[in-house]
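S.K.: As a plain string of letters, each chain reads:
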Amino acid sequence: MQKPDVLKIGLLINPIAGMGGKVGLHGTDDSLAERAKELGAKNVSKERAGRTIKALLPQIEKLVFCAPSKVMGADLLQSLNINFESVYETQSLDTSSEDTKAAARAFQAKGVDLILFAGGDGTARDIFSVVGEAIPILGIPAGVKMRSGVFANYPEEAAEIVLDAIASIESGKVLEFANTEILDLTDSELDYSQSHYFGSARTFSAPSKITSPKVNSNASSDVALKELAKHLSSELAKDRLYFFGPGRSAKLILNELGVTDSEHSLAGVDALIGGELIGKDLDESQILELISSHSKATEPLIFLGVIGGQGFLLGRGNQQLSHQVMSRIGADNVFVLASASKMTGTVPTRLYVDFEDALSKKLFPDFIQVHVAKNRTLVCKVVSSGFVPNSVKAS
Amino acid sequence: MIKSKIRKYHAPVWDEPLVMQMGQSGRRGSIAPKTESKIADTVGNALDLLPAGMKRANPLNLPELSEFEVQRHYLHLSQQTLGMMGISLFGTCTMKYNPRVNERIVYQPFVAEMHPHQDPETMQGILEVVNRFDHLLRKLSGLDKFVFQAGGGADAAYTQACMTRAYHASRGELEQRNEIITTAQAHPCNPATAAAAGFKIITLPLEDDGFPSVEALKAVVSNRTAALMVNNPDDIGIYNPHIKEWVKIVHDAGGLCFYDHANFNGVMTRIRAADIGFDACMYMLHKTFGGPKGGGGPAVGAYGCNEKLIPFLAGPTVETSADGSFYLKEGGEHSVGRIREFLGNIPTVIRAYSWTRSMGIEGLRDAANISVLANNYMEKRLLEIPGITKGMPDVKGRRLEMTRYSLGELTADTGVSCLDVQNRMTDYGVDAYWLSHEPWFIPEPFTPEAGELWSVEDIDYWIDVLETVCNEARTNPELVKTSPHNQVVHKQNSTNLSDPAKWATTWRAYKRKYGVTN
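As they're listed, the protein sequences go chains A and B. Mapping to our numbering: the first sequence position 359 is 359, numbers consecutive. To convert a position in the second sequence, counted from 1, into our numbering, add 395.
The following block holds chain A by itself, in its conformation from the complex:
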């Protein structure tokens, strides 16, 4: 570090990141952003970046910020009365991948120690394409998909990582960095189950606070999981409304019912009643509508998978399963299934829940059971955003 008592941060907010989540678009890259706005999507990244920056306020005088203009960072810092050096002027409010890259080049010219950005995999890729391994990258999770290994688990934890770094510098320690994967879907097709590797970026070494890169699905090859899916498919009640979350694990049950991959949406939320697929790739409002119109005699149930290597149950690639949706369904009606190998790769085993609203009512108990085979569960501690992950870890 050139200046031992100060960390120079390049702050970048991708204003359109994450907008596709609730409306079920699986991303906001390129043309999807327009579509998301048409569907009434709201901006999420500024609010999430704000959570991080607010958590930095106690030590803010030790930080020097560089930020691009307007929605890309300046607006937020100004609203919090934080001084910063303006480094790049955006041409319009509808920023693009080119704006992100230009801002990254400007950060590089200013010699920032760290690029802190709010966005998703697309934003991470754009920044990485400019700075490579030269500047450490830390992501405030604000996108739809966040498969790359540069994102903090929650906005507040991004701040904790920076605060830890300040403490390390002040105590004369060398900051520890680690190399991690930049992952995203390929541009050509939305093969949801497989991530493409775009390169090795540098980020802080903070394994408990930074989400690991996503591991590609192995659900199809897990015999025990397939057996479980077969069992579940034979036990479905006739008149109950079932939802199937994104990912291969939950969709295995549909496969067992004879619904082929082209008939359901691998990346989206599907609904089934009486053996009939009644909804495909649903967004938040469509899911709520289905729940409202469903007979009150039985409660709906949702089958949910877990993101391999990352441990996320909600808040990554499935934002349409919002706090409102999940509280209507109820924690008792969430059936989580995942391959055993996916769940046992790490100690401690955690399931992360990250709803957009940090202070929303806690939905899940402290522990839930993940079904890894017929009659076989693994107990997992649930860590929910806004419920002070540190105190959970300390218990």
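Please note that a few of the clues may not be correct.
Partial pick of chain A residues on the chain B-facing surface, computed with a CB cut under 8 Å [what the hints assert, rightly or not]:
id, residue
1, Thr344
2, Pro365
3, Asp366
4, Asn375
5, Leu378
6, Val379
7, Cys380
Subject to a maximum C-alpha distance of 25 Å in a straight line, what follows is the list of computed DSS-like cross-link-like pairs (lysine-lysine) [claimed, not checked]:
id, chain 1, residue 1, chain 2, residue 2
8, B, Lys613, A, Lys361
9, A, Lys173, B, Lys613
10, A, Lys226, B, Lys613
11, B, Lys595, A, Lys374
Bear in mind the hints are in silico, worked out from the structure with no lab data behind them. Here the structure is a predicted model, which means the values were calculated and not measured. Ideal Cβ placement from N, Cα and C applies to all residues, glycine included.
Fit chain B to the known structure of chain A by using the hints.
M.R.: The following block gives chain B in isolation, referenced to the frame of chain A:
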């Protein structure tokens, strides 16, 4: 730092064909003399004495060799093993020397020639040994009755699963109590046997401090809980200090508690299963109690339980009459039935009894202390080797008789895996080490267990060999990756191991799958 002079080693390689492919038609080891004419006249043709149904239609396809050739072949085969006498720190298996005097005892006719259907009155000595050993284990565990039918640790765990079923069935609660709770670090035989007995399995994850949290247990215990099945310490040497509370939580919910005491060596005479509150436990006589294992002899899982569970024990049990004699009692109305035929592997019960008596309580305590001390000595030296780290390094306190390590750093630096290192160590005449039970929480794991047998010179030598191999991984990684080079067989292509069309474990299967016509 390497302390000893690393000795040269090379295994003998005979490369002999299978015994079925050796010899010549008509060659014999020994030829019985012809029946004398007087006997033949009196008895007639011996074959005619056999009932027709017992005669073979076709002669057996046996190898045809001279006695000398047979001796030579099996000598060569035995030379191609490490002889179960090397430095074998095969963790979780508590490798021990099997005193030859105990082998001499079980070769005696009163053991070796005992008939399974013999009248109990004619085997009072054997039954007395069983009875006395039962009482010894009661003292070590605090439990009320031991049986020795189970043919190994997993068989004893299955016994427990069946006992759990019988216990709850007798109370009319079996349908409701269909869940067995275990932990991610319990031996996989616990969930496996519970599942085989028809239970649902709930597995608790490890936390940062090395064992599952009390809160996790509380979150899953309910009126559906049938039993808890756990190891403690588990096989990474971590003792769960909350175990009494665990047992209480499960008991309060109406479940049973089973202690898988596979890792008893470091806590012998220090803790008793019943004092902690467990209803039942299992010891492995072929590990902790000095019986042979690993192809050296038959295993025994000694299963013990408290009064509450005695009515459900498998029969026959050995009981004492008023006159002091012993008799066999079949299982009663609630018994789980037989676990195994007859009395189980009695020779190993006799070996274990002899071993335990010769050790005495003081000896057992010394052995427990030495095994913990030896492990902590190893740990200090091993962690000085670059590339080796301690599994779950944040866990506070000392490990007991085992520590799980990771070669993850060495692998990251050199590409050499824990399996490569394992192979290469055998090039120095050292037995392969144990890696880890599934699932692997720790990257590139290995788990040595020094126990009380090996001298400090042996332990140092083992560490020196490992350090030598770690050095080789840095200077010549290909040498390690392509090992073994000095062994009977070299690195095998394992791709066919999981292909049923290719594997052959019998001569008949080999002929069929590989089209051999002999």
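S.K.: For every hint, state whether the structure bears it out.
M.R.: Outcome of the hint check:
1. For A/Thr344, the interface hint holds, the least distance from its beta-carbon to any beta-carbon of chain B being 4 Å, beneath 8 Å.
2. Taking 8 Å as the C-beta cut-off, the interface hint given for A/Pro365 holds, the closest approach to chain B being about 7 Å.
3. Satisfaction of the interface hint for A/Asp366 is found here, the shortest Cβ-Cβ separation to chain B being roughly 6 Å, below the 8 Å cut-off.
4. Interface restraint check for A/Asn375: the shortest CB-CB distance to chain B comes to about 4 Å, inside 8 Å, so the restraint holds.
5. Satisfaction of the interface hint for A/Leu378 is found here, the shortest Cβ-Cβ separation to chain B being roughly 5 Å, below the 8 Å cut-off.
6. Look at A/Val379: its Cβ gets to within about 5 Å of chain B, closer than 8 Å, so that hint holds up.
7. With 8 Å as the threshold, the beta carbon of A/Cys380 comes within range of chain B, its nearest partner Cβ sitting at about 6 Å, so the hint holds.
8. Distance restraint check for B/Lys613 and A/Lys361: the Cα-Cα separation of roughly 23 Å lies within the 25 Å cut-off, and the hinted pair is therefore satisfied.
9. Only pairs whose Cα atoms come within 25 Å are accepted, and A/Lys173 paired with B/Lys613 is rejected, the gap being roughly 41 Å.
10. Distance restraint check for A/Lys226 and B/Lys613: the Cα-Cα separation of roughly 30 Å exceeds the 25 Å cut-off, and the hinted pair is therefore not satisfied.
11. A distance of roughly 8 Å separates the Cα atoms of B/Lys595 and A/Lys374; the hinted pair therefore holds under the 25 Å criterion.
Of the numbered hints listed earlier, those contradicted by the structure are 9, 10.
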